[in-house]
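Modelling step: build the complete structure from the supplied sequences, incorporating the hints.
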Amino acid sequence: MNKRSVKRRSGDDDGSAIAMDRLSQLPQPILHIILSLLSQKDAIRTCVLSKSWRYLWHGRLNFELSDHEQGFIRNKKVWSFIDKTLQRYLDQNFSLQKFKVDIYHQELDSVLLQKWIPVLIMNMGVRSFSLSFHRSSIVFPLPLVVFQSESLVELHLQQCDLNIKSTDNVMLNNLQTLRLQEVKITDEIFEKIISSCPLVENLDLLRCTGLKSIKLCKHHNIKDFGCSLYDERTIIEVENIQILESVRIQNCRNWFLCHRNTQFPHLKSLNLDSVKLPVKTFDNFSSFFPCLSELVLDSCHGLKEFRLFSPSIKRLTIKMNPRKRMKAFIDTPNILYFEYSDNDDGVLPSIKFKTTSNEWKSKIALWTKMLHRDNDATPWFLKLNKLLKALSQSHITLRITLYLIYKVSQKLHINGSYGGLYKPVVVEHLKIRGCHSSYFDPTLLNGFFRICRPRFIHMNLYGEFGAKCDFAEYNISKLLPDETGCYFGLQDLEEVSIEIRDMKAKEWHCVKGTSLPALRSQHKIRFRLTWKEQLSKFLLS
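Counting with full-length UniProt numbering, you get residues 1 to 541 for the letters of the sequence shown.
Treat the hints with care, since some could be wrong.
Claimed, not checked - Using 25 Å as the maximum straight-line C-alpha spacing, the simulated BS3-like pairs for lysine-lysine come out as follows:
#1 K423 x K363
#2 K304 x K361
#3 K223 x K276
#4 K389 x K354
What the hints assert, rightly or not - Here are the simulated distance ranges between beta carbons:
#5 D187 x H509: 58 to 68 Å
#6 T401 x D102: 26 to 36 Å
#7 R253 x D102: 26 to 36 Å
#8 T85 x C510: 47 to 57 Å
Note that these hints are calculated values from the structure, not bench results.
By construction, the Cβ of each residue, glycine as well, lies at the ideal position given by its N, Cα and C atoms.
Right, dumping it as structure tokens:
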């Protein structure tokens, strides 16, 4: 190392020391706030900066700990660390803004928690309290004092016994966020808790047992409501909450959100997962939800045939159950993004789209097995072409995951050129993935070229568990130019360029003059295809 570089490094060290000295001169309350912006682990690391920083982290406003983090896994001193740290806070008369503990591996130390929770609530003025256990064998009996706090603004409990009786006094007058996860609770106790939270804005109930009915009719401040039911027979009723903005419901047969002639004028996001949809769900949909911008329908029952009209929806996601074929007419004039996914074998939806949107994107994700070798694959490709045609106004991403079931190569039968009736549709991205390296069909890519014109084709040379994917390698070799300079026998394909993925920079880079052996070291490859403006008749390879 030369003198100049040594001098430069010395100067850099001096500058860092000056900056650290200036930081140390800030008032301690300011430093405590700065440390509160760091994770517990990073805040503790600051103790090595200097003597003045050695115990400074003890005064940070947040205490957050997870025994799942490196350094705490299977460390039997976790509870001792919690005890000593909280004792320092108490001895120095510090207050805490946030207390958050996640236990994945440790055995429960109920005595220690029973000792400190009242102190945190009554003496330290904790505003955000989160206690989560992730082992099924642990159910912690929570002290009643947690539900009698005037200071709490956020409360998150997981696998805790609420230990509330009908005669107990519950006061959470300033609580704004309540999240109960995997707790046992009755309808009566839930109503008692929620009625004591007049300011609650965010409510989440996740896999709680014992609930038969959830009624939110008088809680006018709720803006965000999420519910994942343990028992799908539980009834959910939401009415007269005018400022509600976001709703997420999972695993529910009986939900009443728009069957009482109640409007939700400010609802922007609705996510329904494994929910039974009544027949009239989409009748007057835009009247009930005039401002709804995002709708997610995931594995919902009742989507066999429906019509949806909504001028406000900008993002629409539909995920179908296996063996359920959907028929839908969708009229969303201002759509920006549409996504459809299905993991069934060969079942494709029938969709008609009506929109005036000029710039929007669509994504189709299909999981399918190859048809039997004696069957004709033409109907499947024709249905896929029809689906793509319905979305042809958008920038389409088509992702196909193939579960191939025969070890021998099968001949995909594709009849002629479909009589010239099915014009190939422009697709922005075609992503093909084979899940089994030895099961592939060499004519598969031919089928896609008959129904679409992809601008990019993405392939992985390595499938699951790092196994080399013969399917991808074969089709990549077909996309490379032959001896005559022709690509895949397609007359309207002018040029194919190869791009590889830089995993660190997360960027695509174009490579030239690359052969298949040179590409085998790459995990992700894509081809950029340039087509002639006029789609001409093309040949089978």
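A quick look at each hint next to the structure:
no. : hint                    : in the structure
1   : K423 x K363             : holds, 20 Å
2   : K304 x K361             : holds, 24 Å
3   : K223 x K276             : holds, 23 Å
4   : K389 x K354             : holds, 12 Å
5   : D187 x H509: 58 to 68 Å : holds, 60 Å
6   : T401 x D102: 26 to 36 Å : holds, 34 Å
7   : R253 x D102: 26 to 36 Å : holds, 32 Å
8   : T85 x C510: 47 to 57 Å  : holds, 54 Å
Checked against the numbered hints given earlier, the structure satisfies every one of them.
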